[in-house]
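Asks: Just so you know, we're using the numbering used here here: the sequence shown kicks off at 306 and counts up by one.
No wet-lab data here; the hints were simulated from the structure.
Glycine included, each C-beta is placed from N, C-alpha and C at the ideal position.
Mixed in with the good hints there might be a few duds.
With a Cα cut of at most 25 Å, we get these calculated SDA-like pairs of lysine to any residue [claimed, not checked]:
| hint | residue 1 | residue 2 |
| --- | --- | --- |
| 1 | K333 | W401 |
| 2 | K491 | P527 |
| 3 | K435 | R548 |
| 4 | K333 | T311 |
| 5 | K333 | E551 |
| 6 | K491 | S451 |
| 7 | K521 | Q504 |
| 8 | K521 | Q511 |
| 9 | K491 | V559 |
| 10 | K521 | A366 |
| 11 | K473 | R547 |
| 12 | K333 | Q506 |
| 13 | K435 | A476 |
| 14 | K491 | S550 |
| 15 | K521 | Q378 |
| 16 | K491 | Q506 |
| 17 | K435 | E535 |
| 18 | K435 | G312 |
| 19 | K333 | A549 |
| 20 | K491 | Q505 |
| 21 | K435 | V559 |
| 22 | K491 | W517 |
| 23 | K521 | T453 |
| 24 | K435 | A366 |
| 25 | K473 | H425 |
| 26 | K435 | Q504 |
| 27 | K491 | Q448 |
| 28 | K473 | A549 |
| 29 | K435 | T453 |
| 30 | K491 | S350 |
| 31 | K333 | D536 |
| 32 | K473 | I557 |
| 33 | K435 | A549 |
Quick list of simulated restraints, FRET-style, between CB atoms [unchecked claim]:
| hint | residue 1 | residue 2 | range |
| --- | --- | --- | --- |
| 34 | V470 | A407 | 35 to 45 Å |
| 35 | Q507 | H425 | 42 to 52 Å |
| 36 | Q507 | A476 | 52 to 62 Å |
| 37 | M306 | Q555 | 17 to 27 Å |
| 38 | D539 | G450 | 23 to 33 Å |
| 39 | Q504 | H375 | 33 to 43 Å |
| 40 | G381 | H478 | 17 to 27 Å |
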Amino acid sequence: MDLGITGQTAVVTGGSSGIGAAVAALLKVEHARPVLWDLRPPDQSSPAAALPFLQVDICDATAVQNSWDHTVQQHGPVSILVHCAAAGSGAYGFPWTNVPIAAWSRVLEVNIMGMTHVAHAAGPAMAAQKFGAMVFLASVAGQMGSPTDPPYSASKAANINFAQVLAKDLAPHNVRVNSVCPGMVKTPLNRSVWAAWNQQQQPHDQLTYEEWADQKIRRVVPLGRWQRPEDVADLIVFLCSRRASEITGQTINVDGGTVMHW
Numbered sequence: 306m307d308l309g310i311t312g313q314t315a316v317v318t319g320g321s322s323g324i325g326a327a328v329a330a331l332l333k334v335e336h337a338r339p340v341l342w343d344l345r346p347p348d349q350s351s352p353a354a355a356l357p358f359l360q361v362d363i364c365d366a367t368a369v370q371n372s373w374d375h376t377v378q379q380h381g382p383v384s385i386l387v388h389c390a391a392a393g394s395g396a397y398g399f400p401w402t403n404v405p406i407a408a409w410s411r412v413l414e415v416n417i418m419g420m421t422h423v424a425h426a427a428g429p430a431m432a433a434q435k436f437g438a439m440v441f442l443a444s445v446a447g448q449m450g451s452p453t454d455p456p457y458s459a460s461k462a463a464n465i466n467f468a469q470v471l472a473k474d475l476a477p478h479n480v481r482v483n484s485v486c487p488g489m490v491k492t493p494l495n496r497s498v499w500a501a502w503n504q505q506q507q508p509h510d511q512l513t514y515e516e517w518a519d520q521k522i523r524r525v526v527p528l529g530r531w532q533r534p535e536d537v538a539d540l541i542v543f544l545c546s547r548r549a550s551e552i553t554g555q556t557i558n559v560d561g562g563t564v565m566h567w
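Whenever a hint applies, use it, and build me the whole structure from the sequences.
Replies: Listed below in structure tokens is the structure:
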């Protein structure tokens, strides 16, 4: 199936690892021109290792705008934005008072203001060219008040809401905006949740990452298996394509059935 994105320049924030790297690699397979934005370049083992990289701190609004301008100068007008950059608190928030106030500030700055800065750079540019697609990586945690990491859950709910605002504002300019919510995916962020949980357990109650995750998957995922970064990337790249030209303002889960709506 031809996705119709050949030659299109794409910015992928958080593109050096995890889901962002999987998205960037698939965009390349589909003959788009992905550019990675991240704090660190990808490891050589990353599927995105050979792709153009730009060091960007999404918490710095000026740096984000300058990076957008630089990307356009070097690679041409950007018609695809996939925003995957995010942070967790590093604390196990059950109860929520376990999470220090300072951790809240950091997570909200990265996950909410970071998205805002990226949207302010991308939105006017795509509106001016009367064409574009944005996908923001949210989380099922943002749909169900997950107590695992309260600031992360709250920020992801904000991401979903703001993406809908953007979709309404940009629709008259032929720019589409959607959110994708992964479930249980083996990423550095997911592993950090386990590490924070494990630190609170008595030695005899501690579990390996695989043991902890397998128990959680059996408990909350109807399909009973991990979601892979590639599973999430498949949907994201489709949403960026001409094949999804009538899809905007949607929040779509890739979670094995963890959250179901009708």
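Asks: Checking against the hints above, which ones are violated?
Replies: Violated hints: 1, 10, 12, 14, 15, 17, 21, 26, 29, 34; rest satisfied.
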